[in-house]
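Student: Work out the full structure, taking the sequences as your base and the hints as a guide.
These are the residues of each chain, in order.
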Amino acid sequence: MNEIGQGRTAGCYRFELELQAYMEGEDAPFVPAHARGCVFCRVILEDLEALRAAALALPLEEPSPSVWSYVHAQLQAAGAFAEKVSFWDGFRQLGLLRRPIPVAAFACMVVLGCLLTAPQDYPELDMTSQVSALPARSAVRSMAFLGEGAALEQVVRELEVTFRARESSLAPDLKATYENSLISLDASIRECSDSLQREPENSLAHDYLLAAYSQKAEVLSSALEFDEGR
Amino acid sequence: MADRREQKTKKRGAIPYGQGLVLCLLVLSGPLVAADTNRTDKTFETSPNPRITVANARGQILVRGWDKAQVHAVYGVISPHVEVDTEVVPPNGPADKIHFATHLLDPLLTGRDQTADYSLDVPMGTNLEIRNTQGNVRIERFQGDDTTVESVGGSILVSDFTGHLFVRSVGGNIDIIRASGRVEAYSITGDLHFVSPTTSKLRGSTTSGRILFEGDFPDGGDYSLSEYSGDMDILCPPSASFELSAKTDRGKLQNEMPMTIRHQAATPLSSANSLFGTHLTGKATVNLRSFSGTIRIRQR
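Here the protein sequences line up with chains A and B, keeping their order.
The first sequence begins at 0 in numbering that gives the first Met the number 0 and counts up one residue at a time.
The second sequence begins at 0 in numbering that gives the first Met the number 0 and counts up one residue at a time.
Bear in mind the hints are in silico, worked out from the structure with no lab data behind them.
Hints may be right or wrong, so weigh each one.
[As the list claims (entries may be wrong)] SDA-like, lysine to any residue: derived pairs with alpha carbons at most 25 Å apart:
#1 B:Lys41 - B:Thr114
#2 A:Lys174 - B:Leu103
#3 A:Lys174 - B:Lys67
#4 B:Lys96 - A:Glu224
#5 A:Lys174 - B:Asp144
#6 B:Lys251 - A:Ala186
#7 A:Lys174 - B:Thr114
#8 B:Lys67 - B:Arg111
#9 B:Lys251 - A:Asp185
#10 B:Lys251 - B:Arg202
#11 B:Lys96 - B:Asn172
#12 A:Lys174 - B:Leu108
#13 A:Lys174 - B:Phe43
#14 A:Lys174 - B:His102
#15 B:Lys200 - A:Lys174
#16 A:Lys174 - B:Lys96
#17 B:Lys67 - B:Asp112
#18 B:Lys251 - B:Arg209
#19 A:Lys174 - B:Glu149
#20 B:Lys251 - A:Glu200
#21 A:Lys174 - B:Asp112
#22 A:Lys174 - B:Asp116
Note that the coordinates shown come from a computational prediction; the quantities given were computed from them, not determined experimentally.
Tutor: Below is the structure:
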């Protein structure tokens, strides 16, 4: 066995490389096989599996309305609505979240400028839609929470990993229903993201994108409640 | 000779009668036995506004309101490996809460064998919560302060309802007929169908399903319908008085109702199709949203 680091072997590095795929339900037999023979890696694997089980056992709670404001602020601060910047690239530039204070200060200046110069009449004010389309007001409300970040997209991703790991235990017709709904929601997420790349000020696409993520989280949470025989 | 002939005749006649009787018993005994083992009929005395919950995996659930302070429950299962658990709180006296839950004795049981059907008559004013994962739910002639119905693949039909209604089905269709009070209906791939609502507040949303609204908009009502890629059809009478806000990003907007267009302040550049206007005196508020579907507003 080649020893590369302190107590770490080439197998350990391969374990790390394939661990994510294994946790996402992909076929990676090397991971459990290596964990059986390596104490260090076995502990890592057991910790991750315990975290996943604990997450599943958590009570399902509806996120507070401010969650959507967090997401909006996070997306806005990450440049998701800027021109010529892809939504995912902007989202990945969440290095901004590591420096919340200067970002918040800059954002407050931007908001103040918007408030002073933007027109006062917003027809959407009369809307009874749950998600506000007013960037200025939602930005003011959410700036205070910038940095905490709902990380809704991360939550959805983790829920989907868990769902994929357990979907084989669902009844076929139940699984098909969930799959169809996820396909529909993923299509809407893609289209809205594309729209926002082309039209960063498209409030309708913004609202639908947030709604799609929220609905996807609800669908995945619902799916995780069901196992064969429950 | 005649006696012997007569005896033979009687004997021949007796046999068919006997066989027929046995045959009838065999034919009837099956369903009778099945009825005895699979169907249960119970009546519970309740307090004025009890809370009733039903948790089921497959099968039909029918709930009707009545004016008795009782819950009359009839439920049946297909498989002997399925039972219905009933919990009454408190155990003695009029029930404040009754929980019905379908329980699988065999965790390997799949498909239709999991079926349990319910028929409930419940007092008006009951707080009702129904979860029927892959089965249909039907609620008729009911008044409830707080009614929740959820399904994954089943369809939901609610008719002649008064109160606060929350309905959600991931993949099933939702039909709300003649509802008043407050209604919220959500689906992802299912269709939404509203007929003659007189609600003060109505919310409906589906991602890829279709929305069909047939009826008037009562004065002061607040109606908000949203779909992503399906089509939305609004059929209302010429006398409907409402303020409209309709918007679609990539879809089409088709309106047949004469409108007084509202002046809109400058909005960010967008490829959206939108219509903001008032029909007659604008006494109700109607908010329609679609991303890529077509919104059609027509006179009924």
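Student: Hint by hint, where does the structure go against what was stated? Just the numbers, ascending.
Tutor: Of the numbered hints, 3, 5, 8, 11, 13, 15, 16, 17 do not hold.
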